[in-house]
Amino acid sequence: MPFGGVVKASAFSYAKPSSLSELFDLMEMYGDRAKLLAGGQSLIAALNMRLASPTVLLDINGITELSGIEVKGDVVRIGALTRHRSLEQSAEIKKHLPLVHKAMPFVAHAAIRTRGTFGGSVAFADAAAELPACCVVLDANIELASRKGRRIVSARNFFKGLYETDLQPDEVLISAEFPKLRVGYRSAFLELARRHGDYAVVGVAVHGKFQDDMFSDISMVFFGVADRPVHAVNAGRALESARLSPSTINTLRSAVSLDLETYGDIYHTAETKLHLAKVLAGRAVSIMALGRET
Amino acid sequence: MNNASEVFDIRLTVNNIEVVQRVLARMHLADFLREELGLMGTHLGCEHGVCGACTVRVNGEIVRGCLMLAIQADGAIVETIEGISENGEISALQKEFHQRNALQCGFCTPGMLLAAADLIARNPGANREEIREYMSGNFCRCTGYQSIIDAVEVVCRGKAGVQQGGI
Numbered sequence: 446m447p448f449g450g451v452v453k454a455s456a457f458s459y460a461k462p463s464s465l466s467e468l469f470d471l472m473e474m475y476g477d478r479a480k481l482l483a484g485g486q487s488l489i490a491a492l493n494m495r496l497a498s499p500t501v502l503l504d505i506n507g508i509t510e511l512s513g514i515e516v517k518g519d520v521v522r523i524g525a526l527t528r529h530r531s532l533e534q535s536a537e538i539k540k541h542l543p544l545v546h547k548a549m550p551f552v553a554h555a556a557i558r559t560r561g562t563f564g565g566s567v568a569f570a571d572a573a574a575e576l577p578a579c580c581v582v583l584d585a586n587i588e589l590a591s592r593k594g595r596r597i598v599s600a601r602n603f604f605k606g607l608y609e610t611d612l613q614p615d616e617v618l619i620s621a622e623f624p625k626l627r628v629g630y631r632s633a634f635l636e637l638a639r640r641h642g643d644y645a646v647v648g649v650a651v652h653g654k655f656q657d658d659m660f661s662d663i664s665m666v667f668f669g670v671a672d673r674p675v676h677a678v679n680a681g682r683a684l685e686s687a688r689l690s691p692s693t694i695n696t697l698r699s700a701v702s703l704d705l706e707t708y709g710d711i712y713h714t715a716e717t718k719l720h721l722a723k724v725l726a727g728r729a730v731s732i733m734a735l736g737r738e739t
Numbered sequence: 609m610n611n612a613s614e615v616f617d618i619r620l621t622v623n624n625i626e627v628v629q630r631v632l633a634r635m636h637l638a639d640f641l642r643e644e645l646g647l648m649g650t651h652l653g654c655e656h657g658v659c660g661a662c663t664v665r666v667n668g669e670i671v672r673g674c675l676m677l678a679i680q681a682d683g684a685i686v687e688t689i690e691g692i693s694e695n696g697e698i699s700a701l702q703k704e705f706h707q708r709n710a711l712q713c714g715f716c717t718p719g720m721l722l723a724a725a726d727l728i729a730r731n732p733g734a735n736r737e738e739i740r741e742y743m744s745g746n747f748c749r750c751t752g753y754q755s756i757i758d759a760v761e762v763v764c765r766g767k768a769g770v771q772q773g774g775i
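As given, the protein sequences belong to chains V and B, one line each in that order.
Take 446 as the starting number for the first sequence in the working numbering and just add one per residue.
Take 609 as the starting number for the second sequence in the working numbering and just add one per residue.
By construction, these hints were calculated from the structure, which means they are not laboratory data.
Be aware that one or more of the hints could be misleading.
[Claimed, not checked] Just the calculated beta-carbon pair ranges, DEER-fashion:
1. V/R639 - B/G733: 22 to 30 angstroms
2. B/D617 - V/L735: 54 to 62 angstroms
3. V/R627 - B/C713: 47 to 55 angstroms
4. V/E685 - B/K703: 57 to 65 angstroms
[Unchecked claim] For lysine-lysine, the following BS3-like pairs were computed, each having C-alpha atoms within a straight-line distance of at most 30 angstroms:
5. V/K654 - V/K480
6. V/K540 - V/K654
7. B/K767 - V/K547
8. V/K517 - V/K540
9. B/K767 - V/K539
10. V/K605 - V/K539
Think of the CB as a built atom: it goes at the ideal place given N, C-alpha and C, for glycine as much as any other residue.
With these hints in hand, go ahead and build the complete structure from the sequences.
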């Protein structure tokens with residue numbers, strides 16, 4: 446076999462900067478001809494199928510400052526390069542961000558979680574992905590950096606559409622900061638998929654207070670139903686000061702209908718997705734109230 | 609590697625053998641193993657991360673060989689089905705697969721064995737549901753799932769009890 450015989454991706458150059466400042470140099474040099482390579486679990490698939498053909502790949506895996514989980518004060522900071530597997534196995538995530546801990550087994554499969562990164566998933570912004578929904582429901586702050594400096598964007602303003610975020614061409618996603626779990630707060634995470642680990646047909650993440658048998662301050666986010674994670678504001682309102690009962694579930698289901706304008710896909714119509722979202726919403730708040738681990 | 613280039617020399621350990629090779633940046637790890645090193649046990653099904661046939665171990669963790677560039681394995685320790693077969697690590701799994709006919713065409717088998725060995729190393733007491741969940745990242749297009757799960761379960765039970773010679 447002559448050198449370089451079998452390849453699938455179109456030709457590109459590769460560079461692996463070891464600091465953010467080197468990365469910014471390269472980003473300036475190549476502009477929109479460059480793509481950042483983090484875990485590569487979506488990007489390399491796109492390269493193999495020639496859905497993406499960048500001139501140069503900038504591999505950020507050598508920028509170690511982007512990796513790690515840090516608990517400080519009332520927040521948990523997750524670095525962009527933190528692998529899904531690290532999140533899945535982290536005792537601190539389990540304790541302070543139980544919702545994220547519950548979501549991790551739904552993120553693809555073990556052999557993908559070893560490579561895939563938190564920041565990659567958030568920046569890629571697949572509408573059916575779990576981590577963007579976790580960021581929105583927990584009201585995380587996303588930290589972005591460019592040569593000019595750093596800025597913070599609320600996750601609730603970060604996701605703009607299908608694979609579209611507030612990340613600017615000269616910016617890199619650095620981390621996200623989540624408020625730690627507070628007393629009396631609980632969460633649930635549920636997802637329907639055709640095969641465990643595949644992208645969600647419909648998923649729901651719920652977080653809020655359940656004390657003295659009463660819901661309050663509930664945030665509910667659906668994913669896999671529209672072009673981005675959808676914060677179901679009416680659903681949260683419907684649960685305020687409510688107790689778990691069949692009538693609460695019915696009120697919640699009506700509120701979900703107001704919140705969601707579902708999109709159909711090749712497998713499921715918009716109506717099916719809305720129905721499934723309502724079913725999942727009811728299950729999720731029941732699990733929250735009954736305190737069952739899921 | 610701060611200067612962008614299309615070609616690199618990489619040095620890595622594959623199945624305990626040090627390899628130095630010139631690669632194109634765009635070559636993925638599974639193609640590198642198959643085409644450059646002749647290790648044909650790593651199979652390529654979908655090449656976008658869905659099927660699991662290309663599962664290999666990099667620095668002790670299973671990965672999709674098609675979703676990692678060869679150049680990203682520079683400096684890494686890579687193990688393929690050939691390596692973990694020859695060193696006897698998965699002999700018990702192979703025996704149970706064989707006994708139950710847990711392979712039909714055999715295309716998915718290397719990936720299945722890598723995934724199963726990883727599960728057994730991490731969670732030797734896994735129950736059937738956990739096995740199914742862990743193996744969900746690997747497709748068998750002959751649909752031989754029941755006997756595959758059976759084989760893994762038998763080895764898990766053996767491991768959970770008395771420690772045996774190999775997985």
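Exercise. Broken hints, numbered, in rising order?
Worked result: 5
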